[in-house]
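Asker: So the chains spell out like this:
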Amino acid sequence: MLYETAQQCTAKRTSQVLPLALLMVILSWIGTLPVVLACGEPPSNQSEIAERGMRLKDVTQGSLLFNTHEAGRYTPAPLLKTDVKITITGVIARTTVAQEFVNPSRHKNAWAEGLYVFPLPDTAAVDHLRMKVGERIITGEIRERAEAKRAYEQAKQEGKRASLVEQERPNVFTVSVANIAPLDRIIVEIEYQETVRYDQGVYSLRFPMAVGPRYIPGTPVIIEGEAHGSGWAANTDRVPDASRITPPVQHPSLGPMNPVTLTIDLAAGFPLGKIESSYHDILTIADQDGRRHITLRQDQVPANRDFQLTWQPERGPSPNTIAYLQQRESTYGLLMVAPPASDESVSTSPREAIFVIDTSGSMAGTSIEQAKSALVLALGRLTSQDRFNVIQFNSATRLLFSEPRPVGTDTLGKAVRYVERLHADGGTEILPALKMALKGSPPPSHLRQVIFLTDGQVGNEDELFEVIRTQLGTSRLFTIGIGSAPNSHFMRKAAEFGRGTFTHIGSTSEVKAQMGAIFQKLERPVLTNIHVQGFESTAELFPSRIPDLYDGEPVVLAFKTAAMPSGITLTGTFNARTWTQTVDVAGSSPRDGLSIFWARQKIASLMDDKRPEGGEGSLRQSVLDIALAHHLVSPYTSLVAVDTEPIRPSDASLMIHAVKTNLPEGQDYQAIVGLPRTATNGPLHLLIGLVALAVAFWLWRPRDRFA
Amino acid sequence: MNPIQTTPRPLVMLTVFFLAVGLWQAGEGSWMYAKARLAQLLLQRAWSRTLAGEQLVKPWPWADTYPVAKLTVPSLHIDLIVLNGAYGRTLAFGPGYSESSAFPGSSGTTIMTGHRDTHFRFLSRLKRQDEIVIETDQRTSQRYLVQSSQIVDARTASIPLMEGEDQLVLVTCYPFDSILTGGPLRYLVTAIPVPSALPRSSDTPGG
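Quick note, the sequences are listed as chains A and B, same order.
Residue 419 in the numbering used here sits at position 419 of the first sequence, and the numbers go up by one each step.
Residue 133 in the numbering used here sits at position 133 of the second sequence, and the numbers go up by one each step.
Okay, chain A solo, but in the shape it has when bound (with noise of 0.2 Å):
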C-alpha cells in the first residue's frame, strides 16, 4: 500500500506543482524565509566594540565592559566576591561581611575604583570597617560624613588604598574602595550587630543579599556642581538620594554575578528543636555543646535573594523572659519579655479590612502571584460582619469598591474574580493609594485594619512614613513583604507607625503558612497601652513608647541607667483587663555589645522624629553624638579606611566602576526596565496554517482520475 503511495507521488509530478506555487506565494507574502529567525538576531555592538580595538578573548566571562573617557577602550568592571560569617548568641547576633574587591584588567594603567550600592538587615548596627591589603589590616574610623568622604576623595586622589561606608537608608549601604592595582584585590571587613525576630514562639534572621530596582518619584533636581551618584535615577524632589540608592542592574540573561558565602555559628541558649533555612538548602553541624555550625549546602549563591534562618526550642515555649546586662560607664541591658501566650477565642468585633496590593512593575513575576493567593486567602477569611475592599496601585490607584462593603457572596465572589485578574506592570506610586486605604471612618463598632501586600521597592520610603503618621486615625497598619527581596526596612516601619505588624511572604510555598499566622495577630486580642515601671528617672529606654503587641510578639527593650534597677514591672491592658509582669534582671547574665544595641535604638527613635523641636539642625546634632560615641554608621556618620602609602603612580588613570547587582530572583526585567513585547503571533499562525492547508491539499489531490 505504501509502496503503492509513493510511486504515485513520483509518477504524478504535475499534481504539485499547484500546492508547491501556493507554498511560494504565501512565503513571499509574508516575508521572504532568510528573516525567519532575524527577530533573534543579536545586535551588532560586539563587533563595534571588537572595531574598537577591544580584544574580546581579553575578557573573562562574567565580567563587565564599561566605557572609559579614553575613546576607544574599554576595562571590566572589579569582580566582587562576599563571605559573611554570622555568629548568634542568644538574641544578639554579630555578622562580618567581607567583601573581596579584584581589579581583573591586565593593562598596567587601568586602576579602579569599586562602588557597590548593598543592602544589609534594617536593624544593624554597623561599627566596624577593616580594609585588608595583603597580610595588612588598616581599621576604619568613625567620622562626620562628609568629613569621612573627604577623608576618602584626598586619598584617592594621593593614590593610597582607601574605603569608606556610607548608610544611604536604614537598610542599605555604600561601599567604595580606592586604587585597587591591576589584577589586584582589596578586601573590605564591614562588621555589625543586630537582634534577632522573636515572633509565634520562633526567632529568625534575615540577610539581604540584593538592592531590588526602586522606583523613583517626583521630578528630577540636578544640583549644579554636586556630586551624582552612580545609580541609574536622577535625583528627584521626592528622593533627593535618588542616584545613590539605584545600583545598575545586571541583565538576567548575562548570568547571576556578586556570589556570596555564608556560615553561621548558633548558640541559641536553650535545647534546638527544628532549624530551617527559608529560601536556600543548608548543612547543619551540632557541636558537643549544643551549638550549631551552619553553611550553605551550595558553595556560593548568587547575591539576589534574602537569606533566611529560623529556629525553635526543641519542646515547649521558650523562656518567656531574656535580660542581658553590661558595665560600662552606665548599666546597658536588653530585656525581652514574652506575655504568655492566650487561649482566648477569635476576637468577636466586626472588622473592615482594607487591602492594599501592589502591581507595579517590580512585583511582575512570582511576586504578584504570592501576592494573589496571599489576598484571596485573606479575603475567604472574611466574616458576614465584617466590611471590605480592595485597593490596587501601580502607576494609577484602583478601588474594587467605590467604599467599603459588607461582606456577602456577591461582593466576595466580585473581589476573588478582580484579584485573580490582576497583573504587575507600571509605576509605584504608593502615595495616593495609602491616603486612599487610611481615608474613611468604618462604623464605631468596626476595628479597621489596613492590610499592605507590596515589596516596598521604592525610593521616598519617609514621605510615607510622615503619611502614615499623621493621617493614620482610628486605623490599624499590617506590611507583608512581597517577594525575594522585599525593602524590610519600609516593611518594619510603615507598620510600626501603623501600629501594626510586619511579615514576609518569600515563596509561593510560604504563603499559606505566613497568612496563618498573620490571621491569628489580625484575630486575636490586642496588647496596649504598655508601660514600665521600676526604672530610675534618668534611665533612657528605647522604644520611648512601646508599640502594642499582637499575638506571639514580646516586648524588646533596650535601656541604660545609672542605677542598676532590681525588679522591674511591665503592665498592659489585654481583652479590657489589665496585664502586669515584674521582672528581676539583677542576677541577668553579663554580655558584650548592649551599648551599641541601645545607641542604635536611640537613633532610630531619634530618625522617627524627623521634625524635633530644635529643627533638623539639632537632630544632627544628637544623632552624631551617639554615632561618634558609639562608633556607628548612620545617616549623618561613616567608616573611614585610608592606607598610609600612595601606590599609584601619578600618570595612571582611575576609572571608577559601580558594580552591577542582580536583579532580585523571580522578578521580570522587562516589566521594570525593559521595553515591552511588541509584536502578535499572528504571522506565524498563519504561516502555519496555509501551510498546513496546502500539505492537506496535496494529501487529498484527485489520485483516482490517474489510477
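Hint data in this document are derived by calculation from the structure and do not stem from the laboratory.
Hints should not be assumed to be uniformly reliable.
[What the hints assert, rightly or not] 30 Å max Cα-Cα, derived BS3-like pairs, lysine-lysine: (1) K85/A with K160/A; (2) K160/A with K108/A; (3) K160/A with K660/A; (4) K414/A with K127/B; (5) K414/A with K35/B; (6) K81/A with K160/A; (7) K58/B with K127/B; (8) K439/A with K521/A; (9) K439/A with K58/B; (10) K435/A with K58/B; (11) K149/A with K85/A; (12) K414/A with K274/A.
Place chain B on chain A using the hints.
Answerer: Frame of chain A; chain B shown alone:
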C-alpha cells in the same frame, strides 16, 4: 481486482489532521488581525464618549482598559485610539500607553507601544519631519514632528524618562517582517512637540 482504488485510511486521517490544523491556525492568525481592526471601531465610539466628558469609558463591557488618547498621522491616513496600559492583552486591540511614562499631553516623555504587524506597522513608513497628532481626553491636541528613528536592543536599552524634556516615543518590535516573536530588537520613533498647541480640528468649534 477492485476497479475503484480506495484512499488509504492513514492518509485520510493525515489529511483531516492537516486540514484541521490549517483551518485552526489560519483562523487564529486572521482573528488577530480582525480583532485589531474590529476593536478600533468600538474604540472610536468609546473615544467619542470620552470626549463628551465620560471618565474611563470601557469600549466593551468586559474590557479592563479604556482609551486615553487618539493618535493620527495625517500624511499616512493613520487614525488610532490609544489604550491605557502596555500589556499583551491591551495591545491586541490598539496601541498602548505605557503607564510608567508621562500621561499623553502632559510634560515629559510619553511612551506608546504597538504591535509591529498590526497597529504600529506604519512606523516603518514614518520619515523625519512627519507630523503626528495626539489628541487627549482633555480635548487638546498636540502636534509632534518625527525627530529620529532607531533600532535598539531591549535587553540593554531603556528609554530615559528623567530627562525633563517633552517627547513622544513610539515603540514596536523589529524587524517588521519577522515571523517569530520575542526577539530582543525594538524600533523606536522619537518625536518632539511643535511649540504651539493648535486648537482641535474644525468639527468641534470652541473646544
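Asker: Now tell me if each hint is right for this structure.
Answerer: Evaluated hints:
This hinted pair checks out: K85/A and K160/A have alpha carbons roughly 28 Å apart, not beyond 30 Å. Simply put, K160/A and K108/A have alpha-carbon atoms about 17 Å apart, close enough for the 30 Å limit, and the pair holds. Between K160/A and K660/A the alpha-carbon distance is near 24 Å, which keeps this suggested pair within the 30 Å criterion. For the hint pairing K414/A with K127/B, the CA-to-CA distance comes to about 48 Å; that exceeds 30 Å, so the pair is violated.
With a C-alpha separation of about 27 Å, the suggested pairing of K414/A with K35/B holds against the 30 Å cut-off. Of the pairs offered as hints, the one joining K81/A and K160/A holds, with about 22 Å between alpha carbons and a cut-off of 30 Å not exceeded. Between K58/B and K127/B, the direct Cα distance comes to roughly 34 Å. Violation of the 30 Å bound is thereby established for this hinted pair. Proposed proximity of K439/A and K521/A is supported: the alpha carbons are some 23 Å apart, at most 30 Å.
A distance of roughly 27 Å separates the Cα atoms of K439/A and K58/B; the hinted pair therefore holds under the 30 Å criterion. For the suggested pair K435/A and K58/B, the alpha carbons sit about 26 Å apart, so the restraint of at most 30 Å is met. A C-alpha spacing of about 28 Å is found between K149/A and K85/A, which places the hinted pair at or below 30 Å, so the restraint holds. Straight-line distance between C-alpha atoms of K414/A and K274/A comes to about 41 Å, which puts the hinted pair past the 30 Å bound.
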